[in-house]
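*Asks:* Residue numbers (our numbering), protein chains in the order written: chain A, 12 to 183; chain B, 36 to 323.
Keep in mind the hints are simulated off the structure, nothing from the lab.
On a predicted model such as this, the values are computed, not experimentally measured, just so you know.
Quick reminder that beta carbons are idealized off the backbone N, C-alpha and C, glycines included.
Hints should not be assumed to be uniformly reliable.
Unchecked claim - Quick look at which bits of chain A chain B covers, simulated, 3 or more residues with Cβ under 8 Å:
| hint | stretch |
| --- | --- |
| 1 | 46-55 |
| 2 | 89-103 |
| 3 | 139-146 |
The primary structure of each chain is shown beneath.
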Amino acid sequence: MRRNIVFTLMVIVCFILQSTLFKSLSFGGISPNLLIIVTSAFGFMRGKKAGLSIGFFCGLLQDIFFGQAIGFYALIYMYIGFTNGIFNRFFYQEDIRMPLALISISDLAYSMICYVLLFLLNAKFNFGYYFKHIIMPEVVYTILITIIIYPVILLIHKSLEKKEKRSEKKFV
Amino acid sequence: MSPVVRKRGEKFTIPSKYLLLILTIVCCILMVVTFSTNLFSTSLNSVAGFVVVPFQEGISSVGTWISARSDELGQIKTVLETNQTLQAKVDALTIENTQLQQEKYELNTLRNLYKLDEEYSEYKKTGARVIARDSGNWYHSFTIDKGSDDGILLDYNVIASGGLVGRVTEVGSNWSKVTSIIDDNANVSAMVLATSDNMIVSGDLQLMEEGSIRFQQLVDSADKVVVGDKVVTSMISDKYLPGILIGYISSIDKDANNLTKSGYLTPIVDFEHIDEVLVIMQTKEVGQ
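With the rest of the complex left out, here is chain B:
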């Protein structure tokens, strides 16, 4: 006799192994569908955004408040100690400051050379708050509190404290998911500002906690790239706008093939403590 039989006076139920089979098939279909189309990105996202996001916004602020208070308590002692040393430093810094004033002129001329400054302010930007982080420990993506209602579109670039954070990879009506450049499966086409040599910057889970990112395939036949050089997004990237600062080269090695170089760079952004980000309201125009 089949187990899926309705007896009189009994509620109709499916045995758990059949339910498991059915849901497994459903999951597999869903996976195939999400890989081949973007059918769910609108409907499911808006439902989830309606139910979950408002709570995340509230509780997220409570969580940051609590961690800020606990940090404060731990810091009071060290603050008292550092206060004395800092006082001595102030004098030294005043002298240094005058030197830096001179260097500032130099910097301004260099900036004009690359027109970086103008390009940054040219982009229309909007501020957003980080309300939730990836619930697993394997990837480094987070949700922000702005979505398609605020004009956010897929692949908009996200920056914070002057450096590249990542790009928008999913959009709901009032939230969107940002995948950061240190995420394990993120790759950014970048270039060294001084020499315009292109390279690939790829995130890595192993390096995440050291706060550095790996770069590969740097073609530098003239041997001009040195530690400390600025790395910005390249002109040829099809997702990222050109000239956004990523970080500084912290170490550089020659690859085994003697043609390319690879190494590590230190990002500008402190990915552990991102609370507010800026979304650049412009996608890169790529000739289709």
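Chain A on its own, in the form it takes in the complex:
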């Protein structure tokens, strides 16, 4: 119960920050993708199920406010969360290289899917331009932001885990 409340709050806070604060702090019209960070991070921290459900809600929020069809972004984010969940086995709290790699690959994959589904199928073939001006800047900016907010997410994860273990002990 507590976990669900924390997750919902995280997603809403990230969505609000991304559509307001980070849009004002964007460089050259490009802003980082906080929702991917949250989806991916909770995916490999807590497993497939958490990843896919958080991804689903992140995408749904984006769909409601800025999407053309409800369910489109939800689907993309959900699969990204699920795929990250597979890497749960290799996750160690001390290691920061794997989270960074996973988050950047996730953001790259998200941008690629967006390009292919929304632009390539719309007869916009100039992939080089989009890669240089939209995809790469977004990935780089997202990595930078990840370095800052990843410790915060890790902290939330740790405290949640601690509380859950304690309540388990109490139960036994």
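Knowing the structure of chain A, use the given hints to seat chain B on it.
*Replies:* Okay, now just chain B, sitting in the frame of chain A:
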């Protein structure tokens, strides 16, 4: 044994791959439903507007405050330098001003000719603040802080600093989404003010950061359209009210078919820095 089996003393849970399958199907159904009906546009929008919009309004103002302060710091140095050059310019401008006064008379007569001025003020307008921008980097839409409670309806035209910004494409109770004309999938039917030739103005992500928009299918057999001509929304558009200024033609080329022309135009509105917009409280009446 099926994995969806409840053991004694264990909580009922669904394995993640089944959950993934179920949610995938749900998403697909939702997509089909939104494309074919507008079932969700009311219920989901109002729920989201209730939870998210109030925060966006607050934080958005904080974000603009921070970026304004950082801009100020960077600008102080250049401001001191420009101050000197500006002083010299003031003298030159005073002379120019007298010339412009004369041209103003000319402008007024031209305006009367097209009755543009009257049409603009005829429309009932309401001001709104931009509270959030598209969270992705692919499209250029934003949310404003007025919705159906303030009388906003779908397809209302949005203007800022005298030029066309876009139109309302989604309405919640206290927010609405505006899709701008430089958005990659936006097309506006427009015409050249001087010659009344029609054309299609379409937004493009590639041109967005250069601050220009593409236009196509301009039929100009008399070769009268030149760089610098005013482009306004056309009479035949079914979403946009006629005579709203879009921008000025910045370059023009003949198409390969030798019949139509295409090129680029510079919009009046600075799309990077829209903070406040005006919503025209009137939709174009189209005979159904």
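*Asks:* Taking the hints in turn, state whether each one holds.
*Replies:* Hint-by-hint comparison with the structure:
1. 46-55: Violated - the stretch 46-55 of chain A has 1 residues with a Cβ nearer than 8 Å to chain B, which falls short of three.
2. 89-103: holds (count 4)
3. 139-146: holds (count 4)
Of the numbered hints stated above, the single one contradicted by the structure is hint 1.
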